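There are 2 protein chains.
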Amino acid sequence: MTLRTGPLKVRAQIFAGDEIAMGPGKADLLEAIEREGSISAAGRSLGMSYRRSWELVDTMNRCWAERLVETVPGGGRDRGAHVSEMGREVLALYRELERQLLGSAAGQDFTRLKGLLRDPPAPRNY
Amino acid sequence: MTLRTGPLKVRAQIFAGDEIAMGPGKADLLEAIEREGSISAAGRSLGMSYRRSWELVDTMNRCWAERLVETVPGGGRDRGAHVSEMGREVLALYRELERQLLGSAAGQDFTRLKGLLRDPPAPRNY
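Chains as they are written, first to last, in my numbering: chain A, 1 to 126; chain B, 1001 to 1126.
Accuracy of the hints is not assured; some may be wrong.
Subject to a maximum C-alpha distance of 27 Å in a straight line, what follows is the list of computed BS3-like cross-link-like pairs (lysine-lysine) [said to hold, decoys possible]:
1. A:9 with B:1009
2. B:1114 with A:114
3. A:114 with A:9
4. B:1009 with B:1114
5. B:1114 with A:9
Coverage of chain A stretches by chain B, computed from C-beta distances (three or more under 8 Å per stretch; other residues unrestricted) [claimed, not checked]:
6. 11-21
7. 31-40
8. 48-54
9. 84-94
These are computed hints drawn from the structure, not numbers from a lab.
Note that this is a predicted model, so its numbers are computed, not measured.
By construction, the Cβ of each residue, glycine as well, lies at the ideal position given by its N, Cα and C atoms.
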């Protein structure tokens, strides 16, 4: 999901220590896991490598009070996975936080910024 | 500048078409140019290559109604540069937008999210 309101894009990241516990990519992956029923299929649907999607899941599972993604043992790469109850709660809270952030951007300063934009940009000279 | 309130980090990007007209890296670069007086010195102070800092300046200069960075002709890589009047205005508006976004994050949902975080994260098992 891309959070854009006109020319403004907002990204929110939640840190646990130095690790990103939740962000746009991880939230998208959670939604894809819920939809696809496996980590590898979810990653594929987002154009993400198996290794990358597995790393994101591992990070999420270590950064919250409980695991956000549960896997079904056995079955190799395509074994099933689903988003836990806490995973659904964290995802919903994160999406709500994103919506709040974007809603707060409808202020005066942004209007002025938009007025200064050149859209489309001038072409490159090289 | 890193916009963090506790575990939350917010990034705002302003798009002109498909190009990022302003974002955290470009705003930091503008501030560094104002401080250092040249694009190359500004890039160095941020650990950014000359090529990268020049590309960011070129993008900014094409994405707004007027150039945000003016360079003094001649003198090679270390020729002088300064932030234009419009550059200072865009920078100030962008920083204010960032502050507004971060301020809006002090809501209830974020409090609940924080309560679910495991900080520090559990160690990796591999």
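Now for the hints, and whether the structure bears them out:
As the CA atoms of residue 9 (chain A) and residue 1009 (chain B) are separated by approximately 14 Å, the hinted pair is consistent with the 27 Å bound. With a CA separation close to 33 Å, the supplied pair residue 1114 (chain B) and residue 114 (chain A) exceeds the 27 Å bound. Taking the CA atoms of residue 114 (chain A) and residue 9 (chain A), the gap is near 13 Å; set against the 27 Å cutoff, the hint holds. Annotation: proposed proximity of residue 1009 (chain B) to residue 1114 (chain B) holds, straight-line Cα distance about 13 Å (limit 27 Å).
At roughly 23 Å between alpha-carbon atoms, residue 1114 (chain B) and residue 9 (chain A) fall within 27 Å of each other, so this suggested pair holds. With 9 residues having a beta carbon nearer than 8 Å to a beta carbon of chain B, the region 11-21 of chain A meets the requirement of three or more and the stated coverage holds. For the region 31-40 of chain A, the stated coverage by chain B is violated: 0 residues have a C-beta nearer than 8 Å to a C-beta of that chain, whereas at least 3 were required. Counting residues of the region 48-54 of chain A whose C-beta sits closer than 8 Å to any C-beta of chain B gives 0, which falls short of three, so the coverage hint is violated.
Residues of the region 84-94 of chain A lying with their CB closer than 8 Å to a CB of chain B number 5, which satisfies the three-residue condition for coverage.
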